[in-house]
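Q: Each chain is listed here by its residues.
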Amino acid sequence: MHDLDSLHAAPSGPSTAPPFQDFAKGLWKENPVFAQMLGMCPTMAITNSVTNALAMGLATTFVLLGSGVFVSIFRKRIANEVRITTYILIIAAFVQIADMGLEALMPVSHKALGPFIALIVANCLLLARQESFSARNSVGRSALDALGMGIGFTFGLSVVGTVREILGQGTWLGLRVMPASFEPWVIMNLPPGGFFSFGFVLLGLAWWHDRRTRRAALNLRVARPSTEPLLERAV
Amino acid sequence: MTHTHDASGTPSLPEATPPVSSFTMLVTLGGAGAIVGLAIVLVYIWTLPSIERYKGGILRGAVAEVLREPARTDTLFLVNGTLVDHRPAGDADRPIERVFAGYDTAGTPVGYAVAATEVGFSDPIEMLFGYEPRTHALLGLKILVSKETPGIADKIEKPPFLEQFKRLVAPLTGTKTATPAHPGDVVMISGATISSRAVIRGITKAIDRWQPLLDAYAAQHARN
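Chains as they are written, first to last, in the working numbering: chain P, 4 to 238; chain H, 30 to 253.
Hints may be right or wrong, so weigh each one.
Computed cross-link-like contacts, DSS-like style, restricted to lysine-lysine with a CA-CA straight-line distance of at most 25 Å [said to hold, decoys possible]:
1. H:K187 to P:K114
2. P:K114 to H:K84
3. H:K234 to H:K205
4. P:K114 to H:K176
5. P:K114 to H:K184
Among the chain P residues that face chain H by a calculated CB cut under 7 Å, a handful are [claimed, not checked]:
6. T89
7. A96
8. M103
None of these hints come from the bench; they were simulated from the model.
Each residue gets a CB set at the ideal place from its N, CA and C atoms; glycine is no exception.
Chain P extracted, bound-state conformation (with noise of 0.2 Å):
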């Protein structure tokens, strides 16, 4: 695209991926919360314990699968100059849908998630996979992009879940897993734990990942010793 209306488009172009790489992308590649840095906001207020880690994460799933399948039958429909306002009136109402649905089937975690529940609309996660993908694909497409985007949400606000809530409170979806000497860090069911987790899980990530980097350059070299002005580049 060469015009003004560019910046007013959609990028273009449907997924050409094989269907189940649509799926597996979101699990760790493009994880929304390691990878991506979508949905902050829930992953530091609602991690202080696994149960509603899992929660969030499934009544986000909910929302990225239902909206992202609305917005795949009807994105040939849905005029070009209006598809923001579209996406999030569609996200809102599943949100809605969610909260009610939780409210009714799993009370106790509603109650414990709050006013983070309504808050899964402004998520930029759900507008990004309606406007990135959704738009432009398939229903069968969008629902498996969905359904692994939100496996990976819940999948991160996991890891962090569990790290808060064992050394937060000793427990690990409710049961004892540290000893009974051991005092809980209170600091780790607070906001600022939620800080401190996440960005200990992403220092172990960013080690383990640079460690695999270089260890593979490693390999590299002694197979190929004749590219190592190359590999010292790339390492």
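Fit chain H to the known structure of chain P by using the hints.
A: For chain H alone, coordinates are given in the frame of chain P:
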């Protein structure tokens, strides 16, 4: 996006996209709103009985807890500044303030469960407490809704703090000493005095408001 070429073969500006009509935009937004609106209404109708049942169960459990498992409870409605034991006819949908009267097996009143709300550290704290207006004794306390700081102030929901409300006598005052000197002394939670004081304030305000109403109801009940 298509590009056109003039006679000399030089690429010209791309063709402009035809503007979308206002009607199309209205149809898009209106149609999406109508579909998702219908979905919300259907889910609301579907989930409402479960939500009401759950909330009713929570309230019944709380009433029984703060009145120490009475044999029977009655709902009293506040109508025109007076407590009555039945909802006015033809007024079924309007929310009316209520208290719950508890009775023992002989039909003697054991106390009233009164709701109170007070702003805490994070958000309003909603609570229900059992109260005997004749002796000003508290029978129990249950925190219904609280968003106080996890790990610190959420101790107001836990037994060590709640247990003391089974043996207090109004008026209440907060104390930081572990051994209270007066029957109205509430041992506050260390590091969460704002939340503790909010609970004390909420109960005190509710007693100030409901005491004359409960006294009048008891007097009328005794006459009858």
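Q: Identify every previously stated hint that the structure contradicts and give their numbers, smallest first.
A: none
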